[in-house]
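Peer 1: Below are the chains, spelled out letter by letter.
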Amino acid sequence: MAENVVFHFDIDGEDFSSAGGASVTVKKKLRQLGIDSEQIRRVAIAMYEGEINMVIHASGGTADVIVSDHEITIVLADHGPGIPDVSLAMQEGYSTARDHIRSLGFGAGMGLPNMKKYTDSMKIETELGRGTTITMTVNIT
Amino acid sequence: MKIAQLKELLDAELLTHDESLLDHEVYNACCSDMMSDVLAFVKDQGVLLTGLVNAQVIRTASMMDMVCVVFVRNKMPTEEMIRLAEECDIVVMKAHYRAYEACGKLYTSGLVARGKNS
Ligand SMILES: Nc1ncnc2c1ncn2[C@@H]1O[C@H](COP(=O)(O)OP(=O)(O)OP(=O)(O)O)[C@@H](O)[C@H]1O
Ligand SMILES: [Mg+2]
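In order, the protein sequence lines correspond to chains C and B.
Under our numbering, the letters of the first sequence match residues 61 to 201, in that order.
Under our numbering, the letters of the second sequence match residues 4 to 121, in that order.
Just so you know, not all the hints are guaranteed correct.
Claimed, not checked - Which residues of chain B face chain C? A partial, calculated answer using Cβ under 10 Å:
hint	residue
1	L12
2	S23
3	L25
4	D36
5	M38
6	V45
7	A58
8	Q59
9	R62
10	D68
11	E90
Said to hold, decoys possible - A short, non-exhaustive set of chain B residues, derived as facing chain C with CB atoms under 7 Å:
hint	residue
12	D40
13	A43
14	M66
These aren't lab readings, by the way, just hints derived from the structure by calculation.
Note that CB positions come from ideal geometry on N, CA and C, so glycine has one too.
Put together the whole structure using the sequences plus the hints.
Peer 2: Structure (C-alpha cells):
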C-alpha cells in the first residue's frame, strides 16, 4: 500500500443499540483490503470494546482507523468525564457501570483489559472533565 | 459437531433463513450474558449461548467470527437482530432450555472446549 487508508466515524452516544456499528464496518473494510483474519479480529474486538465504552461511559465521540503498510492504528476520542485512576480501570473486573448497563450485557470490567490484550500497543490519555483519547496499534505481519 | 446436530440436541427453533449454514462444523462454545467476558476468550468459539437479548449479542458474535447464536429460555430476538445476523452469516436459534441445561447437553454430547487441531 503506497498511501495510508483512513476511516473516520462519529460515534453516537445516545444510541446503545447501534453502538458497535463502526467496528462492524471496519471489519468489512479490512477484509476488502486483504488483511489477515486473525489481525482483523484483534482490531475489531479492541475497537468494539472502545466504541461501547465511549457510548456507555462518555456519551459518544469519534473513531479513526489508519491502515499503513506495517500497522493498523485505532484512535478513539471522547469528551466524557475522563478516567480518574487509569491503572485501576485497567484491572480485570473493575467497573463503575450501573445496573442498567449490566442488564445490557456490559460492565464486567473486561473491556480495557481486552483492548490491551488484543493490541500491540495501547496509550490512554485522559483528563477529568475533559475526555479520554485511546490510541491502539496492531502490527501487520 | 455440525450446527444441525446442535439444533437437534437443543430442540431449538431456527430463526434465520439460510438452512445451508446448518452444515457448518463448530468446535467450541461459550455461554455468558456479559459480552466482554465473551470477547475475552478467542479460541475457535463457534457458538454463543446467551439469555441476553439485544443487538450487541449479534455484533459480539460477529467480532469473534462466531457462526451461531442460541438464545436460551425461549428468548425471542427482534427482527432487526435477525437481519443483522443474516448479514454476517450467523445462524440464530432459540431453545426452551435454561443456559445451564443447554450447556450440559452440548458438553456431554462432545462439544467440549478444545481447538480445531487437538
Ligand atoms: N471512555 C471512557 N470514559 C470514561 N470512563 C471510562 C471510559 N472507558 C472506560 N472507563 C472507565 O473504566 C472502567 C473500566 O472499563 P472497562 O471497559 O474495562 O469495563 P466496563 O466498560 O465497565 O465493563 P465491560 O467493558 O466489561 O463491559 C469503566 O467502568 C469506566 O469507569
Ligand atoms: Mg467496557
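Peer 1: Take the hints in turn and mark each one as holding or not.
Peer 2: A quick look at each hint next to the structure:
no.	hint	result
1	L12	25 Å, violated
2	S23	21 Å, violated
3	L25	23 Å, violated
4	D36	6 Å, holds
5	M38	5 Å, holds
6	V45	7 Å, holds
7	A58	5 Å, holds
8	Q59	6 Å, holds
9	R62	4 Å, holds
10	D68	6 Å, holds
11	E90	9 Å, holds
12	D40	5 Å, holds
13	A43	5 Å, holds
14	M66	5 Å, holds
Taken one by one, the earlier hints fail for this structure at numbers 1, 2, 3, listed in ascending order.
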